[in-house]
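S.K.: Chains as they are written, first to last, in our numbering: chain A, 1 to 285; chain B, 1 to 285; chain C, 1 to 285; chain D, 1 to 285.
Rather than coming from a laboratory, the hints here were simulated on the basis of the structure.
All figures in this text were calculated on a predicted structure; none of them were measured in a lab.
Among the clues, some could well be false.
Claimed, not checked - Calculated cross-link-like contacts (lysine-lysine; reagent style PhoX-like; alpha-carbon spacing at most 20 angstroms):
1. B:LYS104 with C:LYS104
2. D:LYS104 with A:LYS104
3. B:LYS104 with C:LYS138
4. A:LYS104 with D:LYS135
5. B:LYS104 with C:LYS29
6. B:LYS131 with C:LYS135
7. A:LYS131 with D:LYS104
Number of protein chains: 4
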Amino acid sequence: MLEAKLARKKHANDRSSIVISGDCRVGGKELLLIGGPCAIEDMDQMKEVARVLSTSSINAIRGGLFKPRTSPYAFQGLGADGLTIVEETRKISGMPFVSEVMSKEHLDIALDHLDILQVGSRNMQNFELLKALGKTDKPILLKRGLSSTIEELILAAEYIMAEGNEKVILCERGIRSYDQSTRNVLDLGAVAVLKQMTHLPVLVDPSHAAGRADIIPDLSRAAIACGADGLIIEAHPVPERSVSDAKQALTLPELCELIHSLDGIARAVGRSLPAPKRIPARKVA
Amino acid sequence: MLEAKLARKKHANDRSSIVISGDCRVGGKELLLIGGPCAIEDMDQMKEVARVLSTSSINAIRGGLFKPRTSPYAFQGLGADGLTIVEETRKISGMPFVSEVMSKEHLDIALDHLDILQVGSRNMQNFELLKALGKTDKPILLKRGLSSTIEELILAAEYIMAEGNEKVILCERGIRSYDQSTRNVLDLGAVAVLKQMTHLPVLVDPSHAAGRADIIPDLSRAAIACGADGLIIEAHPVPERSVSDAKQALTLPELCELIHSLDGIARAVGRSLPAPKRIPARKVA
Amino acid sequence: MLEAKLARKKHANDRSSIVISGDCRVGGKELLLIGGPCAIEDMDQMKEVARVLSTSSINAIRGGLFKPRTSPYAFQGLGADGLTIVEETRKISGMPFVSEVMSKEHLDIALDHLDILQVGSRNMQNFELLKALGKTDKPILLKRGLSSTIEELILAAEYIMAEGNEKVILCERGIRSYDQSTRNVLDLGAVAVLKQMTHLPVLVDPSHAAGRADIIPDLSRAAIACGADGLIIEAHPVPERSVSDAKQALTLPELCELIHSLDGIARAVGRSLPAPKRIPARKVA
Amino acid sequence: MLEAKLARKKHANDRSSIVISGDCRVGGKELLLIGGPCAIEDMDQMKEVARVLSTSSINAIRGGLFKPRTSPYAFQGLGADGLTIVEETRKISGMPFVSEVMSKEHLDIALDHLDILQVGSRNMQNFELLKALGKTDKPILLKRGLSSTIEELILAAEYIMAEGNEKVILCERGIRSYDQSTRNVLDLGAVAVLKQMTHLPVLVDPSHAAGRADIIPDLSRAAIACGADGLIIEAHPVPERSVSDAKQALTLPELCELIHSLDGIARAVGRSLPAPKRIPARKVA
Numbered sequence: 001m002l003e004a005k006l007a008r009k010k011h012a013n014d015r016s017s018i019v020i021s022g023d024c025r026v027g028g029k030e031l032l033l034i035g036g037p038c039a040i041e042d043m044d045q046m047k048e049v050a051r052v053l054s055t056s057s058i059n060a061i062r063g064g065l066f067k068p069r070t071s072p073y074a075f076q077g078l079g080a081d082g083l084t085i086v087e088e089t090r091k092i093s094g095m096p097f098v099s100e101v102m103s104k105e106h107l108d109i110a111l112d113h114l115d116i117l118q119v120g121s122r123n124m125q126n127f128e129l130l131k132a133l134g135k136t137d138k139p140i141l142l143k144r145g146l147s148s149t150i151e152e153l154i155l156a157a158e159y160i161m162a163e164g165n166e167k168v169i170l171c172e173r174g175i176r177s178y179d180q181s182t183r184n185v186l187d188l189g190a191v192a193v194l195k196q197m198t199h200l201p202v203l204v205d206p207s208h209a210a211g212r213a214d215i216i217p218d219l220s221r222a223a224i225a226c227g228a229d230g231l232i233i234e235a236h237p238v239p240e241r242s243v244s245d246a247k248q249a250l251t252l253p254e255l256c257e258l259i260h261s262l263d264g265i266a267r268a269v270g271r272s273l274p275a276p277k278r279i280p281a282r283k284v285a
Numbered sequence: 001m002l003e004a005k006l007a008r009k010k011h012a013n014d015r016s017s018i019v020i021s022g023d024c025r026v027g028g029k030e031l032l033l034i035g036g037p038c039a040i041e042d043m044d045q046m047k048e049v050a051r052v053l054s055t056s057s058i059n060a061i062r063g064g065l066f067k068p069r070t071s072p073y074a075f076q077g078l079g080a081d082g083l084t085i086v087e088e089t090r091k092i093s094g095m096p097f098v099s100e101v102m103s104k105e106h107l108d109i110a111l112d113h114l115d116i117l118q119v120g121s122r123n124m125q126n127f128e129l130l131k132a133l134g135k136t137d138k139p140i141l142l143k144r145g146l147s148s149t150i151e152e153l154i155l156a157a158e159y160i161m162a163e164g165n166e167k168v169i170l171c172e173r174g175i176r177s178y179d180q181s182t183r184n185v186l187d188l189g190a191v192a193v194l195k196q197m198t199h200l201p202v203l204v205d206p207s208h209a210a211g212r213a214d215i216i217p218d219l220s221r222a223a224i225a226c227g228a229d230g231l232i233i234e235a236h237p238v239p240e241r242s243v244s245d246a247k248q249a250l251t252l253p254e255l256c257e258l259i260h261s262l263d264g265i266a267r268a269v270g271r272s273l274p275a276p277k278r279i280p281a282r283k284v285a
Numbered sequence: 001m002l003e004a005k006l007a008r009k010k011h012a013n014d015r016s017s018i019v020i021s022g023d024c025r026v027g028g029k030e031l032l033l034i035g036g037p038c039a040i041e042d043m044d045q046m047k048e049v050a051r052v053l054s055t056s057s058i059n060a061i062r063g064g065l066f067k068p069r070t071s072p073y074a075f076q077g078l079g080a081d082g083l084t085i086v087e088e089t090r091k092i093s094g095m096p097f098v099s100e101v102m103s104k105e106h107l108d109i110a111l112d113h114l115d116i117l118q119v120g121s122r123n124m125q126n127f128e129l130l131k132a133l134g135k136t137d138k139p140i141l142l143k144r145g146l147s148s149t150i151e152e153l154i155l156a157a158e159y160i161m162a163e164g165n166e167k168v169i170l171c172e173r174g175i176r177s178y179d180q181s182t183r184n185v186l187d188l189g190a191v192a193v194l195k196q197m198t199h200l201p202v203l204v205d206p207s208h209a210a211g212r213a214d215i216i217p218d219l220s221r222a223a224i225a226c227g228a229d230g231l232i233i234e235a236h237p238v239p240e241r242s243v244s245d246a247k248q249a250l251t252l253p254e255l256c257e258l259i260h261s262l263d264g265i266a267r268a269v270g271r272s273l274p275a276p277k278r279i280p281a282r283k284v285a
Numbered sequence: 001m002l003e004a005k006l007a008r009k010k011h012a013n014d015r016s017s018i019v020i021s022g023d024c025r026v027g028g029k030e031l032l033l034i035g036g037p038c039a040i041e042d043m044d045q046m047k048e049v050a051r052v053l054s055t056s057s058i059n060a061i062r063g064g065l066f067k068p069r070t071s072p073y074a075f076q077g078l079g080a081d082g083l084t085i086v087e088e089t090r091k092i093s094g095m096p097f098v099s100e101v102m103s104k105e106h107l108d109i110a111l112d113h114l115d116i117l118q119v120g121s122r123n124m125q126n127f128e129l130l131k132a133l134g135k136t137d138k139p140i141l142l143k144r145g146l147s148s149t150i151e152e153l154i155l156a157a158e159y160i161m162a163e164g165n166e167k168v169i170l171c172e173r174g175i176r177s178y179d180q181s182t183r184n185v186l187d188l189g190a191v192a193v194l195k196q197m198t199h200l201p202v203l204v205d206p207s208h209a210a211g212r213a214d215i216i217p218d219l220s221r222a223a224i225a226c227g228a229d230g231l232i233i234e235a236h237p238v239p240e241r242s243v244s245d246a247k248q249a250l251t252l253p254e255l256c257e258l259i260h261s262l263d264g265i266a267r268a269v270g271r272s273l274p275a276p277k278r279i280p281a282r283k284v285a
């Protein structure tokens, strides 16, 4: 790994803390907790997401504008039409927004509206895209490819950093394996190894690893205990109506409850949860 | 999974608690924490293991009598010659002893000297061995095969249970994958799914998953946070002199420190560590 | 691989030819072609198998006495009750018989009645079984484990050879992978590598690799073109009535047709098909 | 697979034959045999490739202009500077030229100079690229992703076809697995399944599957025996001087000899080799 000049650790305690926006950071003591639906569907959906999640320690919102779908005939996302919803969600929630881009064209459309640009698993080695993202100054959430090695993931980060953008956040999201009980196998050993090898923050996406809602809380707690710098979790106001990935989406209250349950684990490993943006109405009463 | 009549859960809170020996149990609130070397090498080694680990919350000791080695020319374990060491270790430590058997012949030799009989990954579907173990009344630690599905693991447990022995403890120990950064990939999703599907206790072996000592503490904490009922971890008085698996063995003080660090995680998920057998000398002073 | 003293090649053209029985050999110019059902079910079934296959170039018959089944409640084979059927099949067909043993007990029961003793995938690293087989003088058909490396397979052969029995036939039968289109992934690269590394004959089992009858002819032709020394293929008089592995069994005429189609491929790589034991009735007319 | 409206077979004998250029086709009786180096390095290299390969049944030439390299600091290909070499090679050899594009920018640069546009494994699900290729009228060589399912591969083809370009050639090139003996595992079962499911031609790339030159001839023969419509094989005038993938490149004479050895296999499965463009000098004498 001599080649990962920029991504590799220079000394044992070398840790990068990346500013997302305002006081939202990743890589320090406070966790980055991202929640939201697979795809942006309409304004009401995202308003509800913003309203409920802002009462929890979730401190960033996700929602797909451009959706990489296995079939060309499946819903491909709202694209540019979703940008007003993104802007409204950011305004209502006061939280940064994360969404995936799959090409330079997407980047041109969405750059000014997003706080974190996500590279999906299928594009982890889309080197032309990585180079283009390296020329922006936005934080990049780089998801591990479906069966990428740890070295390949670090070198994909290096592609972005070599172009000048060092704000790369790595993300373990499960690797492909033979057992059909879960969609993928969450590789927390990779999280531990990444923290040994690089100074970059490492998030975990338990939703795409599990592919089923019931074990996401267990995997989320495991990820934080393992040293992850945060989580990105799918949630939807009405999961069974979700246009994609319905089986793995939590309800919004389930996500809030899960996030709440992380507090003891986070403390046990020297981390803390972000303060909620808003006090839940029922507690005011 | 209709076929797993005995292993599967009958209702959501169906959890078996298995008595190991004395007040040592697994499957309840208190964790089962097993430590010790890959192979029993000599009396001094095991006395040192017993002495040091009894000052920690480790509550069972492991050590291989019969070693399944990839090469026929590698050290195959002390076999029957190691039994006096097993007995001495049990006496000194006051803790139950865990060791692997690979055939009915091994079982005849070791049955009376062991508190938990381990089935190794390579023998998870050695059905003749499973049937023989089903006719004993000792707890069985059944390790997941190198690339077994969760269903295959549960049905291997069912082979033992169908013969009359329902004291089966499942163990996730990593599955084979493509990345050479770790020896195997620890599949904590399997732990969560097993806890959904069966009432049997589930342990985690982070040592064989990692194959490297440095990430074992992170994986151990993740396993407990995920809901595992305990851990089995390799440690050796002088890891670099270990006759097998040297790279993944912790030193005894490293293991004690790791176990100590589990306390906060265990509490956060409603579990507790066993009380140490002995107060460390330095704390008396 | 310095450790595989006995199994590894000593020079580039080092090739072992193993006598099975009579003029049936494996590892020379003539291929070893084994056909028959997954499990021995009754006398009529095996008589029909013997009758039809003896008109083809099939030169050995398979049929399971002891079946390693994932579930303890599935049919486990006729066991010792099937031995008279084995003897009758050998007599009628004039062909050697291949069947799996899973323990020393099985070996004691079946040794005198079988011409090739098979070690199944689940037992490739059942070292106590391998050692017991090494003390016999029968050819051993050693199947690759479900996710064994090539090195592990060669060292499993070495376990048998180190006990004195050098008549080991290796068998590639597909490795576990993520795609559900086929039961396993046939790894013909392993066949080519095994032929580079060892002097032992290498068979291919396309049936367990495919798990579906329709692609078995293509895989069989590929295996011979790749340099395999023979094939072991499942066939049944009435596949849909097979008690196990029904989807992957060919009908007996399909197997005969497939074997016939291998002739041109075999010649193209300098090999030959065995002569049929019997001239088909219709050709006499 | 109802979704693959365009790619799936409509009836058992539904087979597409695609015109590459002149009388070069793929999907009919005659095989498509592509050879050449991983990367275009200089004019002399490609002239030598053209000169030697035109004496064999190789009927198309490959050479990378844009190289997807794991590290950003590795040689990334000559890019647009290599186009004059491509043109000269086409002229000298009289053969179509195959090269990979990784983005719309690459496509704009190279479209007019290439006869087949290759999509590499890393970009199999780069859907924006697939859509752009679907708007061209050039044949597309679509390589299977590193751990793509067969269904995902077919639906990636469907992305291209849904935009109007039905000239898609599928390519199996090995999938990622755990054994380090070969770079990847060649999945010939996938070739057989693809031929059952779609009408599209299917090539095999034994070079990237093997990652080592010594077993490429065996895998090539296996692929043709299995029903593949052709091969794409790496060869270099001086493999040890190759800037990338040196271990898997054949010498040019080795490739010619390998292609020659395919003749008997091809005939045995009802296929034929293309006629050489040029009679080798030594045979004229």
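S.K.: Broken hints, numbered, in rising order?
M.R.: Result: hints 3, 5, 6 break, sorted rising.
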